[in-house]
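Can you build the whole structure from these sequences, using the hints too?
According to mature numbering (1 follows the signal peptide of the UniProt record, and there is no 0), the sequence shown holds residues -25 to -1, 1 to 151 in order.
Treat the hints as calculated values from the structure; they're not laboratory data.
In this text, all values refer to a predicted model and were calculated from it rather than measured experimentally.
Each computed DSS-like pair below joins lysine-lysine, with the alpha-carbon atoms no more than 30 angstroms apart:
id, residue 1, residue 2
1, K88, K70
2, K88, K69
3, K150, K88
4, K150, K12
5, K12, K88
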Amino acid sequence: MASYTPRLLALTLLVAFSVIHPSSSVPNETLVAICSKTYNPILCESILRGDPRTSSADLPELSLVSINLTIEQAANNSQVFVEFHDNTTDPALKKGFNSCVELYQLMEDNLDKAYHRSEGGDYRNITELVQSSNQAVECASALAINLVTIDALTRAVVSKCETSISVNQYIARSKA
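What follows is the structure, encoded as structure tokens:
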């Protein structure tokens, strides 16, 4: 009988913890519904599920996670464009890369604003995500070259913007 006591205690604590702190994570069906509104639902789900914070996030936290993933991608892209700018000697490319650096600085500012709107629960008015996506496309269009790397960087940040947009639109609709 004494050997069952630790198990019983552990089970009791687990049940008590579950009652006191119920799981509020976003159900799988909700992630599927959110991502179904994107151009590439499988990529959207992969983006969200690829972050360990998603598994325990509620909807407001998922908004912050998705925007944070977009911020991280934009910062990475920005650094790559700075390096391209610094390492090229072609004046036309230097000008194009400089344009991208400036656009990504604007994008990072916009994404910070989006993050703060999300923190404040203003999901309906997070227009900065669309602006950021447009800025990434504008950067790629400003370059007079077609590189796989630039295309991949652009797709990565646009996909994350689109995922964040879908998350926030879902939350805004569910609060309406």
